[in-house]
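Participant: Sequence:
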Amino acid sequence: MARVLIVDDAAFTRRMLTDMVGGQHEICGEASNGLEAIEKYKLLKPDIVTMDITMPEMHGIDAMEEILDYDGNAKVLICSAIGHRQKVLEAMKKGARDFIVKPFQKEQILDAITRIL
Numbered sequence: 015m016a017r018v019l020i021v022d023d024a025a026f027t028r029r030m031l032t033d034m035v036g037g038q039h040e041i042c043g044e045a046s047n048g049l050e051a052i053e054k055y056k057l058l059k060p061d062i063v064t065m066d067i068t069m070p071e072m073h074g075i076d077a078m079e080e081i082l083d084y085d086g087n088a089k090v091l092i093c094s095a096i097g098h099r100q101k102v103l104e105a106m107k108k109g110a111r112d113f114i115v116k117p118f119q120k121e122q123i124l125d126a127i128t129r130i131l
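Mind the numbering: the sequence shown is residues 15 to 131 in this note's numbering, read in order.
Just so you know, not all the hints are guaranteed correct.
[What the hints assert, rightly or not] Derived DSS-like pairs (lysine-lysine); straight-line CA-CA distance at most 30 angstroms: (1) K54 to K107; (2) K120 to K56; (3) K120 to K54; (4) K108 to K59; (5) K56 to K107; (6) K59 to K107; (7) K101 to K116; (8) K120 to K108; (9) K107 to K120; (10) K116 to K56; (11) K120 to K89; (12) K108 to K89; (13) K56 to K89; (14) K54 to K116; (15) K101 to K59; (16) K59 to K120; (17) K59 to K89; (18) K54 to K108; (19) K89 to K101.
[Stated by the list, open to error] Derived DEER-like restraints, expressed as beta-carbon distance ranges: (20) D83 to D33: 26 to 36 angstroms; (21) G37 to R129: 13 to 23 angstroms; (22) R99 to L57: 31 to 41 angstroms; (23) G37 to K107: 31 to 41 angstroms; (24) T68 to G109: 25 to 35 angstroms; (25) M15 to Q100: 12 to 22 angstroms; (26) Q100 to G37: 14 to 24 angstroms; (27) E121 to L49: 14 to 24 angstroms; (28) D83 to K120: 17 to 27 angstroms; (29) A16 to Y84: 10 to 20 angstroms; (30) D83 to G37: 14 to 24 angstroms; (31) Q119 to D83: 11 to 21 angstroms.
If you are wondering where the hints come from, they were derived from the structure by calculation, not from laboratory data. Built from N, CA and C at the ideal position, the CB exists for glycine as well.
Assemble the whole structure, with the sequences as input and the hints as a guide.
Facilitator: Next up, the structure:
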């Protein structure tokens, strides 16, 4: 059972991810923007982070880079809308372990987490 930090500015998406992943893994925390994600990562030391790209305060790719600077072994799963294809590719080049496209299914999330771990 992995410890998961869920990062998305939409409360609905955070709740949906919690419902999908919570039965298989421990949701150790949530963040609604990139700055919060960095803070919570350092505090909670999750096994994996689900990261949205477009968020207020700090975008997900910038937050992921800071998390990876802090912990080079951090595992980040990008969860983004299909319209952000270029951003998803950028995230993968900068260290994201995998990505899934919104809207996603429970099996997609759980399979991606299993692959990354």
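Participant: State for each hint whether it applies.
Facilitator: We went through each hint and held it up to the structure:
no. : hint                            : result
1   : K54 to K107                     : holds, 24 angstroms
2   : K120 to K56                     : holds, 27 angstroms
3   : K120 to K54                     : holds, 24 angstroms
4   : K108 to K59                     : holds, 20 angstroms
5   : K56 to K107                     : holds, 23 angstroms
6   : K59 to K107                     : holds, 23 angstroms
7   : K101 to K116                    : holds, 14 angstroms
8   : K120 to K108                    : holds, 26 angstroms
9   : K107 to K120                    : holds, 25 angstroms
10  : K116 to K56                     : holds, 27 angstroms
11  : K120 to K89                     : holds, 19 angstroms
12  : K108 to K89                     : holds, 12 angstroms
13  : K56 to K89                      : holds, 13 angstroms
14  : K54 to K116                     : holds, 23 angstroms
15  : K101 to K59                     : holds, 25 angstroms
16  : K59 to K120                     : holds, 24 angstroms
17  : K59 to K89                      : holds, 11 angstroms
18  : K54 to K108                     : holds, 20 angstroms
19  : K89 to K101                     : holds, 18 angstroms
20  : D83 to D33: 26 to 36 angstroms  : holds, 32 angstroms
21  : G37 to R129: 13 to 23 angstroms : holds, 18 angstroms
22  : R99 to L57: 31 to 41 angstroms  : holds, 32 angstroms
23  : G37 to K107: 31 to 41 angstroms : holds, 33 angstroms
24  : T68 to G109: 25 to 35 angstroms : violated, 18 angstroms
25  : M15 to Q100: 12 to 22 angstroms : violated, 34 angstroms
26  : Q100 to G37: 14 to 24 angstroms : violated, 34 angstroms
27  : E121 to L49: 14 to 24 angstroms : violated, 32 angstroms
28  : D83 to K120: 17 to 27 angstroms : violated, 32 angstroms
29  : A16 to Y84: 10 to 20 angstroms  : holds, 19 angstroms
30  : D83 to G37: 14 to 24 angstroms  : violated, 33 angstroms
31  : Q119 to D83: 11 to 21 angstroms : violated, 32 angstroms
Of the numbered hints listed earlier, those contradicted by the structure are 24, 25, 26, 27, 28, 30 and 31.
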